[in-house]
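Read top to bottom, the protein sequences are chains A, B, C and D. Just so we're aligned: 214 in the UniProt record's numbering is position 214 of the first sequence, and the numbers increase by one with no gaps anywhere. Just so we're aligned: 87 in the UniProt record's numbering is position 87 of the second sequence, and the numbers increase by one with no gaps anywhere. Just so we're aligned: 9 in the UniProt record's numbering is position 9 of the third sequence, and the numbers increase by one with no gaps anywhere. Just so we're aligned: 156 in the UniProt record's numbering is position 156 of the fourth sequence, and the numbers increase by one with no gaps anywhere.
Derived from the structure by calculation, the hints contain no laboratory data. C-beta: ideal position from N, C-alpha, C; glycine also. Please note: incorrect hints may appear among the correct ones.
[To be verified] If the Cβ cut is set under 8 Å, some of the chain D residues that face chain C in the computed set are:
| # | residue |
| --- | --- |
| 1 | Asp76 |
| 2 | Arg126 |
| 3 | Pro173 |
| 4 | Ala177 |
There are 4 protein chains.
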Amino acid sequence: MKRVLVTGFEPFDGESINPAWEVARRLDGWRSGSHAVVARRLPCAFGAVRDALDHELTALAPEIVICVGQAGGRVDVSLERIAINVDDARIADNDGAQPIDRPVVAGAPAAYFTTLPVKAILQRLRRAGLPAQVSNTAGTFVCNHTFYVLRHLAETTHRGVHRAGFIHIPYLPEQAARHPGSPSLALDTLIAALRIAIETSIEVSDDIQLAAGALH
Amino acid sequence: MKRVLVTGFEPFDGESINPAWEVARRLDGWRSGSHAVVARRLPCAFGAVRDALDHELTALAPEIVICVGQAGGRVDVSLERIAINVDDARIADNDGAQPIDRPVVAGAPAAYFTTLPVKAILQRLRRAGLPAQVSNTAGTFVCNHTFYVLRHLAETTHRGVHRAGFIHIPYLPEQAARHPGSPSLALDTLIAALRIAIETSIEVSDDIQLAAGALH
Amino acid sequence: MKRVLVTGFEPFDGESINPAWEVARRLDGWRSGSHAVVARRLPCAFGAVRDALDHELTALAPEIVICVGQAGGRVDVSLERIAINVDDARIADNDGAQPIDRPVVAGAPAAYFTTLPVKAILQRLRRAGLPAQVSNTAGTFVCNHTFYVLRHLAETTHRGVHRAGFIHIPYLPEQAARHPGSPSLALDTLIAALRIAIETSIEVSDDIQLAAGALH
Amino acid sequence: MKRVLVTGFEPFDGESINPAWEVARRLDGWRSGSHAVVARRLPCAFGAVRDALDHELTALAPEIVICVGQAGGRVDVSLERIAINVDDARIADNDGAQPIDRPVVAGAPAAYFTTLPVKAILQRLRRAGLPAQVSNTAGTFVCNHTFYVLRHLAETTHRGVHRAGFIHIPYLPEQAARHPGSPSLALDTLIAALRIAIETSIEVSDDIQLAAGALH
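For reference, chain A alone in the conformation it holds in the complex:
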């Protein structure tokens, strides 16, 4: 079996759960064709996440990697287009670190584009009745940091990772119940969306052309 690594993070920003890990762990062991999903939980910490990710890539040798992160306040499934080479933390991470305007990887490119077929995923999600958008920023916190590290490793030391990207998901309803006014999506909705993202990443080698940009 080929492996698909799906990661989620531990809770952060005062939350007791992280929807990304709730989704990822329910996909552990799920199979699609000749691929099987392995789920791993990552620390929400700038200093620890690179080693954690490097370790899993070495141990599991996945062909596809999808990191999932919580985006509290977003309304739907965000297929991230690009990771940028900067950390600018508005709050401290789970280890108390708060880097400001430091590169994720010194001397490395300003950005890496996702290698997931995000337009094909977007099309399939919408056809399946699942709300999604392509996003042009994953922020400047641990999510973007992890996404950048993942793509950097896939370009340098772990070239067997053929597809690598990041998906942001909204709060779960139980989180939104404590944040009045926040949008949310049910766990089942998110699991269904991730399955389609995984399947599409396995099946589609050349992404489709579909207008899904932003005016600003």
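Guided by the hints, dock chains B, C and D onto chain A, whose structure is given.
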């Protein structure tokens, strides 16, 4: 058995489904203690909805009535506090009518407050992990019109209706998939919320005090 | 000269200024035809505002009264359609009071509609290039309380007040600079808008019909 | 005198004015210390903007370049952090072109960071009471395209451009008056903000450290 009437509307504004009716029809026949739910679909038309509602109240003699409506763009379950005596339609209804600044019921009060225990419902929803808010406006379209008519009938010709109110719900995910950027909640989440609203309306006779107002 | 009373509030909710009073005081003494504006500052307190307003109505005998309030987070000039008979304070007012689900005036109507020609004002504002909307809720804090008291006094003890209403305005830019992500409008923009609201209230006796409602 | 080039665009997306050009042209000839501003209007067209910009850089040999663009729907002054190497047009540009997922410059880096001191600008804007944020995406339309081209030219053929970046601004009030619900800022507010951005770009050689990132 005592009856709880739960209504939803037919689709409007270009939609092929209405989440309010999707929720309501799945609650038809559901029982809580000595009460049973009867679901009915209402027309999305200023001219037709009063007769339709009057007919159901006469035929079913419900003790509790909860009308449910679609609020595309809202993020969570909205417990409407008040119905106001004005129609001001931004678009035409399903019969092509577009009243502007006309009273719902000429000569009747400027507004009616809900008689659902909305604060107790809010508390129970949040404790159950379901996102909700008290809303201070149901708009000025067919939803507010229906809410106002319901409360007017309960105050005048159908005084056996002890509790009557309106709940707005967001798009379903399949609708949000066609409206990029719109929040949504899964059908199961909405059904769970409505069950709690019904149960609480049956069980709570005097609403609790809970700050859930708006600064503006 | 006939008098137009324009009120603003003292700062609240941690602010050091209130845009409503900043606008109102700059209109003090402004004349339009046979009318002159008198500006007064109101306390942001449930317990004190009724006496303050009653005192000014008695002392000034205005023909038109426009109360203005800050709506931090709103994007444009909100012409309030209706005041509702409930206080439900999410935060304490400037005297430390936080009433929950109490009537503004016990035994009085559930709501009062504005008697300002809000649709004519809306049309003139837009034609003048000033962003505005009709709003169907003034919230449940001191603004709505004041609006309700104003209309109640105009219906009972101060029947010489022919037009009375409430206008919510956004933050000033200097406030938004301290609340990243908040919309704002410049003081000059707000003053221009209020002048049009005053002039229109003087000139238009029967409001126009213009669709400006909300679907929900 | 050293030159600061400030550009704005022609109107697009159905608008009759573009706030970016309205601001830019009012800054033409403005002097700060030993620098003078030259304003130029750019076409809103993927195919034409590179030559137009190249021409101005050659003709004017500016030391600093700030391109300004309209971001209808944003609430404040957006200091763009990064330009990305992709065109993904949701609508056609003014020449009818709608590139999808094409590089801005084939073979060039995935992204360029701004060389404006955006954190110092942010701090000064806020201290001056002007609402602003650092933005991590300039979209994927002509604005991002222009920003990318600008930075690419400054890195390759026009190395005399020491500072180059992009600032997005909201609608003007007169535009928001035609787009109900949209935020806006007055022209004077925007001009004041741009002056500070220009002065800071002239005066600050090493940007300050100030947390202004996004969690997602």
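Hint-by-hint comparison with the structure:
1. Asp76: 6 Å, holds
2. Arg126: This interface hint holds because 5 Å falls under the 8 Å limit.
3. Pro173: Since the shortest Cβ distance to chain C is 5 Å, the answer is holds.
4. Ala177: 5 Å, holds
Of the numbered hints stated above, none is contradicted by the structure.
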